[in-house]
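Chains A and Y supply the protein sequences, listed in that same order. In this text, residue positions in the first sequence follow the working numbering: the first is 1, and each later residue adds one. In this text, residue positions in the second sequence follow the working numbering: the first is 1001, and each later residue adds one.
For the record, the hints were derived by calculation from the structure and aren't laboratory data. Careful: at least some of the hints might be erroneous.
Okay, derived cross-link-like pairs now, DSSO-like style, lysine-lysine, Cα gap no bigger than 30 Å in a straight line [what the hints assert, rightly or not]:
| id | chain 1 | residue 1 | chain 2 | residue 2 |
| --- | --- | --- | --- | --- |
| 1 | A | K93 | Y | K1061 |
| 2 | A | K140 | Y | K1165 |
| 3 | A | K215 | Y | K1267 |
| 4 | A | K140 | A | K233 |
| 5 | A | K181 | A | K148 |
| 6 | A | K215 | Y | K1165 |
| 7 | A | K140 | Y | K1267 |
| 8 | A | K301 | A | K95 |
| 9 | A | K95 | A | K335 |
| 10 | Y | K1061 | A | K95 |
| 11 | Y | K1267 | A | K181 |
Calculated from the model, a selection of chain A residues having no Cβ within reach of chain Y, i.e. all distances over 10 Å [unchecked claim]:
| id | residue |
| --- | --- |
| 12 | Q27 |
| 13 | S45 |
| 14 | A50 |
| 15 | Q55 |
| 16 | R96 |
| 17 | L116 |
| 18 | P122 |
| 19 | K181 |
| 20 | D298 |
| 21 | L319 |
| 22 | S322 |
| 23 | I333 |
| 24 | V343 |
Think of the CB as a built atom: it goes at the ideal place given N, C-alpha and C, for glycine as much as any other residue.
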Amino acid sequence: MHTMKNRITRVAALALLAPIAAGAQTQVTGAGASFPYPIYGKWISTFQTAKPNVQINYQPVGSGAGIRQVTDGIVDFGATDGPMNDTQLAEFKTKRGSDVLHIPTVLGAVVPIYNLPSVTAPLRFSGEALAGIFLGTITKWNDPIIAKANPGAKLPNADIIVVHRSDGSGTTFIFTDYLSKVSPAWLEKAGRGNSVNWPVGLGGAQNAGVAAAVKQTEGAVGYVELIYALQNKISYGVVQNAAGEFVSATLASVSAAASGAVANMPADFRVSITNAPGKDAYPIASFTWLLIPTKIADPAKRTAIVDFVKWALSDGQNLTESLSFGRLPPAVIAKELKALEQVK
Amino acid sequence: MTAANTASAISAARAPTAKTGARAFARRFFNGDEIARAIVTIAAAVILLVTLLIVFQLWTKSDAARERFGWGFLTSTTWDPSGEVFGALPFIYGTVVTSALALLLAVPIGLGAAIFLSELAPPRMSNALTFLIELLAAVPSVIYGLLGIYVMVPLLRSSVAPVMKSLFGWTPLFSGPFYGYSYFAAGLVLAVMILPFIVSVSRQILLAVPPEQREGALALGATQWETTWRVVVPFAKRGIVGSVFLALARALGETMAVTMVVGNTPKIAASLLGSGYSIASVVANEFPESAGLHQQALIELGLVLFALTIIVNGLARLLVASTSKMEARA
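Excised from the complex, chain Y in its bound form (with noise of 0.2 Å):
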């Protein structure tokens, strides 16, 4: 083929004759764009197509529970199988306090451990640690439950709810009984089992963030610690969020582990040393053996906690947004 013939072929793609637009899809055929094209949308709808599906079934598949309590559903404290009377509140409470502590927790060590390992640590120490890290995110989280209730709630018995309460037993946050089993245990261990999620995904953000930062902030006389948290860690601000949203919707659906150690009690604790309950164990402890009206209050808390999700996502994207326009102003 010569030059000329070339460009001649890529003329002719570009008039928009209907002879030529065919043969120029063609063309994209055979050289795969247009399969590629094809086989990404597919994929694309699959997980939207799943979605909607999910929130389908979700719905009808409750309506004759949310016919029976309408909104009161959600506001509603008792949760009585036996009496068929269904509330969401306690469950609500428990996922969202237990989530919340978890993130608390966990970002700041999470962030603080990222840092590290990106900015400080030589590379091979660095790729060790993540390797470590990214291993705690592999253990079944029934093994974290079971060291929550074998290693974990003991030791928060004898050593650490008494110095907590003394330290903090005037607030209402920290009174009353402490049995082991509590939304404070729950955050504990939701806190390690999303730690990984934080540190690796942070890690890997803050080292894709261009070298050039670095440098011209040193090259303006900032120190090491002033160039980390004024110029690489605001610039990689959204991915280290993302990981964060990551983070909280593993806690917020978080199952077995919370279960094993949250006290599994549908009742809203003022303390945080009360035991308590949360949206996903109830609906795997209870669904198995329920039936009727009970199994639909089941599925509709299923329902709960995807619009929990979603406001939590959206309100914390939200935050995200705000922050970003008020900086660009600033």
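Next comes chain A alone, as it looks inside the complex (with noise of 0.2 Å):
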């Protein structure tokens, strides 16, 4: 009876003290983008360490879903691979009283994938062809707009069997981005989107899908993102960029896609870096963003989300490389830390 009755007051004690050490920890919460999902990890783990007292939860559940959760305050931040559009931003505006900062994080690109054993050489794209494969105009793998950018290449006389994503994705965005901006057909047919109205061609899902898909047909084509090509060690093709030249998806060139853009970055970070300018450009890459509500009312949070995104633009940039994604050019990393000092 007696230990019985010590318990209880130890208990009791404990619930009355666990308050307060909670207060001492900051919890702050945010979801979205499954594609920065290792970076945005790796950050977090690496920045706790170092500050123990702030707890950051980051739930990979989808850009559509991001938006979504930060528009209706369930998350601290929210993260996504395609900028809110303007009929999102007044909703977030009415909703929460506040705007909306999209702070980009790392950079991805996207790849086109083929199985054609009798190519060895990486198979040059260019816009036109690309469009052309996915609108379904062109259909043998011969074409000659195809061969035009591929001299002395054995391209057999087969069907082209194209394979795109199922699952609503940043990817797709990216990609039917880039088709829109070098094919006004397929800007009228199919746009861009996490989902679109494909003209032809299976639906693989995840990277994980379309790879197989891929992997497993001969005469297939589909695109899937650069990391999972790398990590995956699946060959890729190469792609014909605004100033005309052919460049290979590296980690270099994607960060020159983002340099190109940097002349023209709008004030709010929503721009497109698809087809971007310059000669060394990547043209399928794009942005990450993080998504920082301007008014925060809590100061601890406050300070805990502004100190994680300023050390990610920082010593956080170290570590994209590691993990396959581009870094961000510095000239970018000075205008987003001078728009963070708009939280408040």
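Both chains are given apart, each in its own frame, so use the hints to dock them into the complex.
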């Protein structure tokens, strides 16, 4: 009986102390894009070892869900692979009474993959060829439009089997955004989006589904994230950029695409860098953004979020390359640090 | 307590006076009858409530899409998320075709296996085999999907499809190019997935047929097969049909395994070798990254699947009812 009473007092004391202990720990939640999740996860764990009193929880639920959750105030910050549109920004303002900042964090790229055993050197794709293939107007591998860019390649007289993503995805957004820029016919027929009305082709779920379908089907062509292609050692094609050069996707050529866009970077960072100018720029590249509300009422949370983002933009950038993400050009980072001052 | 006392208590409980009625209630209550009654009633009500809540949510969350597209949603074949035009027909078609194909393949095999296990196999073998078959039901659907992608699709492409095409290529059902990802592949995977439901439930039902039925038939001079097919199976028919319903519901709602092999093309292909899409698959694929009207249309698809399940089940029930009536008349 005596020990029982003791235990109860002890539990009660703990219950009283618990909120005080938790008060010292700042909890921040975020949700959104799954594409940058590997680097965000790494950033969060590294940041937390330096600042043990901050606990950040990021859930890779998808860009669309991330935008919705930050708009509804369910999470403290969001993340997306495609910028919010004007309607979404207006909705954010009416719901939350403040603006939302788009903060580019890293760069990603999308690469065309194909299965042609007779072709040894990386296949070269012009924008016209890619758009034609995915529109279904180019149906054979030895089509003159493909052959023109690949002199000497043994292109078979075989059907092209198009494979695309079946799940809504930022990868699809980047790829269709590029096709919309290089082909008016694509813009009119399918347009850009996380999911679009594909004129031809099979759908594979996730990067893995597309890669599996392409690997197994001779004559297939698809698209995956550069990181996925690099980590799984899938060979991919070279794409013609706005300057007319055929560029392979590398971390350097992806960063070059961002540098090319610095000159006309809008103040809110909502910019597409597909088909970017610059001789070395890889044309199917994109920023991925954190969505930070400009008004964060809780001062502890505000400090934690701003500190984390500032750290990610400085020291955090050194971790990008080990995970195959493209690092931001310094000029963009300088602009972003200035924009972060708006967070109050 | 004496016997006379007990008798009077029982008669008092039966008498319709208020005082004794209350006492009878109290007795039933303390015996647990009333408590049990309340618990099972609540359990039944919860099921009804959850179902109604699902319908209510699907209905209210799809109001803008229903208003915009009306009944045309069910007959339109365009699915264009970036242009905000949505029609459900390719998905309804794909769901029905893959499920029907799965039933067509799984019902004869499942019923045959169940008859073997209950009527012919020695009990020890029957139990061991049933255990194995029930294990099939525990395999996660993503595993079936992966097996579909990496094993079944290449096999179909290299050896099965050429044979099918040479045999049935003249019908529109097996025409056109075959890349592996197709209604046919999805139907095959679904057939394997629903097989354990049919076998395991049907076997239980067949085993529950009273031995007197078999003995009677045998005594009348029927052979073993005649006994099984003319007496045992008809006796168990309702239960067997029930197992097929269960399997069908599983096939209609299956998401992961179907999306991995069906090709995910929101178009209607006449050929079973063509690629298509199913309702559950498109919802799972596109919902996480959807917003606005696109999301509303996906929720409306959920409503359509719900209605489709009710209609299919209703039709099947009617079928059973009409055949048993015909038999009664005969």
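Each hint tested on the structure:
1. Pair hint A:K93 plus Y:K1061 holds up; C-alpha atoms about 23 Å apart against a cutoff of 30 Å.
2. For the proposed pair A:K140 and Y:K1165, the alpha carbon gap of about 23 Å is at most 30 Å, so the pair holds.
3. A distance of roughly 24 Å separates the Cα atoms of A:K215 and Y:K1267; the hinted pair therefore holds under the 30 Å criterion.
4. At most 30 Å may separate the alpha-carbon atoms for a hinted pair to count; A:K140 and A:K233 meet this at roughly 26 Å.
5. For the given pair, A:K181 sits about 21 Å from A:K148 by alpha-carbon distance, which is consistent with the 30 Å threshold.
6. Distance check on the hinted pair: A:K215 and Y:K1165 sit about 24 Å apart at the alpha-carbon level, within 30 Å; holds.
7. A hinted pair counts as satisfied when its Cα atoms are at most 30 Å apart, and A:K140 with Y:K1267 qualifies at roughly 22 Å.
8. The hinted pair formed by A:K301 and A:K95 meets the criterion: a straight-line CA distance of about 20 Å does not exceed 30 Å.
9. For a cut-off of 30 Å, the pair hint linking A:K95 to A:K335 stands: about 27 Å separates their Cα positions.
10. A hinted pair counts as satisfied when its Cα atoms are at most 30 Å apart, and Y:K1061 with A:K95 qualifies at roughly 19 Å.
11. Taking the CA atoms of Y:K1267 and A:K181, the gap is near 26 Å; set against the 30 Å cutoff, the hint holds.
12. Every CB of chain Y is more than 10 Å from the CB of A:Q27 (nearest about 24 Å), matching its label as outside the interface.
13. Its beta-carbon lying about 24 Å from the closest one in chain Y, A:S45 satisfies the requirement of being farther than 10 Å from that chain.
14. Annotated as non-interface, A:A50 keeps its C-beta farther than 10 Å from every C-beta of chain Y; the closest such distance is 32 Å.
15. With a least beta-carbon separation of about 25 Å from chain Y, A:Q55 lies farther than 10 Å from that chain, consistent with its non-interface assignment.
16. No beta-carbon of chain Y is positioned within 10 Å of the beta-carbon of A:R96; the least distance is around 17 Å.
17. Look at A:L116: its CB is around 15 Å from the nearest CB on chain Y, clear of 10 Å, so calling it non-interface holds up.
18. Listed as outside the interface, A:P122 is consistent with that label: its C-beta sits roughly 24 Å from the nearest C-beta of chain Y, beyond the 10 Å cut-off.
19. The Cβ of A:K181 lies farther than 10 Å from every Cβ of chain Y, with a closest approach of about 14 Å, so its non-interface assignment holds.
20. For A:D298, the condition that its CB be more than 10 Å from all CB atoms of chain Y holds, with the nearest at approximately 27 Å.
21. The Cβ of A:L319 lies farther than 10 Å from every Cβ of chain Y, with a closest approach of about 27 Å, so its non-interface assignment holds.
22. Once the 10 Å rule is applied to beta carbons, A:S322 is consistent with being away from chain Y; the minimum gap is 28 Å.
23. Every C-beta of chain Y lies more than 10 Å from that of A:I333, the closest at about 28 Å, which supports listing it as non-interface.
24. Non-interface status of A:V343 relative to chain Y is upheld: no Cβ of that chain comes within 10 Å, the nearest being about 25 Å off.
In this structure, every one of the numbered hints holds.
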